[in-house]
Amino acid sequence: MEREEYKNAITKRKKGFYNIVFALVTITIFILGYFLYKNWADSLTAPLVILAIFNSFLLLTLMYVLLRQVIKGYLEWRRAKEGAKIRTRLLTAFIFLGLLPSLLLLTGAIIMIESAVESWFRLPVHTINEAGQKLVDSSLNILRELSYERAEGIAQQVKSVPENLYTSFIFHISNSRDIDAICLINSKGEILFSKPEDSIAIDRFKTEKIFSETGLKGYIILGKNSYVFSSAKINNEKAVLVGYLFPEDLLEEARFISENQKLYLQAKSERKVFKISMISSFLALTLAVVFASVWIGTRLTKEINKPLQLLLEGTEEVSKGNLEHKIDYSAKDEIGQVVTSFNAMVEDLLKSKREIEKSTEEIKAAKESAEKRRNYIEVLMESLNVGIVSLGAEGEIVSMNKKAKEFLELSPKAPPQKVVTLPSWITIRDAINDLKKRPEEKREIVLTFRDEVKVMVIEMVPLTREEVSYPGSILIIEDITDLSRTQRIAAWQEVAQRLAHEIKNPLTPIRLSAQRIRKKLRDNATDLNEAIYEGTTTIEREVESMMAMVDEFSRFARLPEIHLKPGNIGELVLSATLPYQNAYPKVLFSLTISENLPQILFDREQIERVFKNLFENSIEAMKMAGEIKVSIFEKEKNIVISIKDTGPGIPKEIRTKMFLPYFSTKRKGTGLGLAIVARILEEHGGKIEIDNEYNEGAGILIYLPR
Amino acid sequence: MKKLFFVVIIFLLSVSAFPKGPEIEDISYFFEKQHIFVSFFLKEGFLNKDIVEAIDSTKPITFRYEIELAKRKTLWIDKTILRTTIKKTVQYDNLTHQYEITIFQDEKVIEKKSLTSIDEVTTELSMVKEVNLGSTTDLSPGENVYYVRVQAILFKGFFLLLFPNDVDTGWKEKNIKTP
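Line by line, the protein sequences give chains X and F. Mapping of the first sequence onto the numbering used here: position 369 corresponds to residue 370, and the numbering continues sequentially without gaps. Mapping of the second sequence onto the numbering used here: position 147 corresponds to residue 867, and the numbering continues sequentially without gaps.
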């Protein structure tokens, strides 16, 4: 705003300066013009001088206005000021509209004046005047010739008399009636005799002329009495002049004709001045018209351009973001309406801007709040002792916390998506696929890394809360390696205790048998042989029991290599059930085998052993009476064999360790049966799981790869 | 800038191609009785036919000659020491066919003549003989710093039909050596 005021002040000052200069120049022109008029002009040129002053003033004013507009236009054009181009175009158009017809009119006027004035002097009046003049001249010529001849004659006569009698002789001749005037002069120009007196005035020039070769011939003296004089030299010192009176009536006519001729000649001579004055007047008019058109053009351009310039400035301001800019212009015409619409539009824009700013502030606040919450959640996630992996709708990795990276042995700086390149991810992915089907469950997985084996529990939580649901889910990973190790140690402790107990059990009868035999031997008892027999029998039996137990352990430790051959798993299962169906009539086997099961690769002997073990466990658990449901079906890339009994089921507390070796709930069990089963299946690339969905007894799921 | 240069050159060439106007020629002088007398001749004074026509129209026509004796100054404007104006006015009488010539020096009539032909008039008006410019007593003797300059103002004209101007010859100079 201050800048605008400063600019306005500068413009005003410049304008004031230019106006003063213009006023001074104008005053100077008028002063110079006045002096020119006073000292230079005559009656003929005075109007021309006045016109010249006026034209100079107009021309100067016009040049000043034009030059000012041209410079202004050029500067504005160069500065690319708003509206400069249209202003220049409009002004140029106005100037040309005023200038062109005016110049055409002026040119036409000049041609017409030139032609008209010249044509005036081509009229017969010139010829008539000349004819009259010639008549006068002819009359005069007669007198000239007469005076010349008479002067010559008298001079010849005078020469015949002595020089001292020249005056007397001339006096004598002067009385002659055919001479109107006679003079005798000497070479100094002195009049020696004159009749009548003062009929002719003699000056140096006339004297020279009289005494020259040509002499004075037909010299006319106009006065009270008008004479035509001619001279004739008597000798080099004296000359005689003879004059004849110009007849009064002829003189009057001659004067009249001469005066008219004079007027005509003067007019002809002044025709140029007349033409100049006419052209000058037209020029003054043209300049006045051009000046008026330029001035009106300037005003109109300003009037048209002002709102346009204001609109352009306004647009510029608005484009710069100044929506508080208002165009201060009011008019009832279309431009005024445009300005009003513009102001209304800018006001609307300002309102919208403020609303947007308000919304932006709110969004910013919400964003900050969300950011805080996000940071809080991030810190929370990072602080958690469990790994969190967020999965997208398609199961793709979106993010994971530090702990998850740590669990999966991924570099903290590595992108979470890199986890899919890890070998351990295959296990996790399979677990995820399982959990998708049973999202409420957890899965325990064993991940083998370069240096260690980790046991993890993973849980998949869908991103759903109340009615709000997001695509994707959260994978919670918990490292239970330490816990598993503790459980394994506890299991091993139990195995050791059981093993000790199992070994200790047969050792007691063996020790008792040995002690009895030694006592019978020391006492030379009669029933020594019987005691030896019974004792050794007992020892043998217990040793065999111990050997069987050792064999069982050995078998677990050294399972035979599997030999995979393609076969029908359904047939195998069916054949495995047959001995039990015959041996346990109270046990009902129901077998469901899906149609078109593909043949898979397996070791028949080992897999048969798996089923036998499982069937025996179920039968024992059902106490030889109940139902065993076996169903075989295809699922994804596996053949699944589901075995469900109607027994008491598997307690939850042992579910995680029941496939560990040497774990058994049976009093005489070695705890290796299910461990061997799990190992056989692992070697086939399959696995065994407890069917947690089944609650009416024990449920086992066996997975064998297709 | 180049265009402007060429325009100026063409303008100057075209101007120089025009016939020269009237000019003062044959300025001569002599000293006598501590006075300086100047003579000169106006060449092409009647080149403009309008002048002859104007004379024949019986209007009085005046040729004005300004004669000055000046002293040259270095790095300053020359100093005018003597000045005189000769006016020769001719008026034709179409009745008598005589040209009345009046000669003025510094607005004083010094001579009148009556001539009968235009040739005599042109000679008379173009010739200025032995005009007494003034006393030379104040001039430093034997110096070459003085000069005589003459210009003829012939008639009134209008430049571009607009600006009143005198048609003149411009100053013509001749160095003099004081006795």
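Keep in mind that the hints were calculated from the coordinates and are not lab data. Incorrect hints may have been included.
To be verified - Quick list of in silico lysine to aspartate or glutamate cross-link-like pairs, EDC-like style, CA-CA up to 20 angstroms:
#1 X:LYS39 to F:ASP886
#2 X:LYS135 to F:ASP886
#3 X:LYS613 to X:GLU562
#4 X:LYS13 to X:GLU77
#5 X:LYS210 to F:ASP886
As the list claims (entries may be wrong) - Anything over 12 angstroms on all C-beta distances counts as not near chain F; from chain X, calculated:
#6 THR46
#7 LYS189
#8 GLN262
#9 LYS263
#10 ILE477
#11 ILE490
#12 GLU545
To be verified - Derived, one-sided and incomplete: chain X residues facing chain F with beta-carbon distance under 7 angstroms:
#13 PHE23
#14 THR27
#15 ILE30
#16 LEU37
#17 ALA53
#18 LEU251
#19 SER259
#20 LEU264
#21 GLN267
#22 MET279
#23 PRO463
No experiment lies behind these values; they were computed from the predicted model shown. Note that the Cβ used here is the ideal one computed from N, Cα and C, for glycine as well.
So, going through the hints one by one against the coordinates:
1. Restraint check for LYS39 of chain X and ASP886 of chain F: the C-alpha separation of about 15 angstroms stays at or below 20 angstroms, so the hint holds.
2. With a CA separation close to 36 angstroms, the supplied pair LYS135 of chain X and ASP886 of chain F exceeds the 20 angstroms bound.
3. Taking the CA atoms of LYS613 of chain X and GLU562 of chain X, the gap is about 19 angstroms. The hint holds against a cut of 20 angstroms.
4. Annotation: proposed proximity of LYS13 of chain X to GLU77 of chain X holds, straight-line Cα distance about 17 angstroms (limit 20 angstroms).
5. The suggested pairing of LYS210 of chain X with ASP886 of chain F is violated, with an alpha-carbon distance near 34 angstroms, which exceeds 20 angstroms.
6. With a minimum CB-CB distance of about 6 angstroms to chain F, THR46 of chain X fails to clear the 12 angstroms threshold, and the non-interface call is violated.
7. Non-interface call for LYS189 of chain X relative to chain F: holds, since the shortest CB-CB distance, roughly 17 angstroms, exceeds 12 angstroms.
8. Residue-level check failed: GLN262 of chain X sits 6 angstroms from the nearest beta carbon of chain F, not beyond 12 angstroms.
9. Under the 12 angstroms C-beta cut-off, the non-interface status given to LYS263 of chain X relative to chain F is violated; the minimum distance is some 5 angstroms.
10. The claim that ILE477 of chain X is not at the interface with chain F holds, since no C-beta of that chain comes within 12 angstroms of its own (minimum 85 angstroms).
11. With a minimum CB-CB distance of about 104 angstroms to chain F, ILE490 of chain X clears the 12 angstroms threshold, and the non-interface call stands.
12. Distance to chain F confirms GLU545 of chain X as a non-interface residue, since its nearest Cβ pair spans about 129 angstroms, more than 12 angstroms.
13. Below 7 angstroms, beta-carbon pairs count as interface contacts, and PHE23 of chain X has none with chain F, the closest being about 19 angstroms; its hint is therefore violated.
14. Violation of the interface hint for THR27 of chain X is found here, the shortest Cβ-Cβ separation to chain F being roughly 16 angstroms, above the 7 angstroms cut-off.
15. A distance limit of 7 angstroms between C-beta atoms decides the matter here; for ILE30 of chain X the minimum to chain F is near 11 angstroms, and the interface restraint is violated.
16. The beta carbon of LEU37 of chain X is positioned within 7 angstroms of a beta carbon in chain F (closest approach about 6 angstroms), and the interface hint is therefore held.
17. Residue-level restraint check for ALA53 of chain X holds (minimum Cβ-Cβ distance to chain F is 6 angstroms; threshold 7 angstroms).
18. Annotation: LEU251 of chain X was flagged as interfacial toward chain F, and the flag is violated, the nearest CB pair being 11 angstroms apart, outside 7 angstroms.
19. Interface hint status for SER259 of chain X: upheld, as the beta-carbon distance to the closest one in chain F is roughly 4 angstroms, under 7 angstroms.
20. The beta carbon of LEU264 of chain X is not positioned within 7 angstroms of any beta carbon in chain F (closest approach about 9 angstroms), and the interface hint is therefore violated.
21. Here the hint on GLN267 of chain X is kept, as its CB sits about 5 angstroms from the closest CB of chain F, short of 7 angstroms.
22. With a least beta-carbon distance of about 10 angstroms to chain F, the hint placing MET279 of chain X at the interface is violated under the 7 angstroms criterion.
23. Checking PRO463 of chain X against chain F: minimum C-beta separation of about 84 angstroms lies over 7 angstroms; hint violated.
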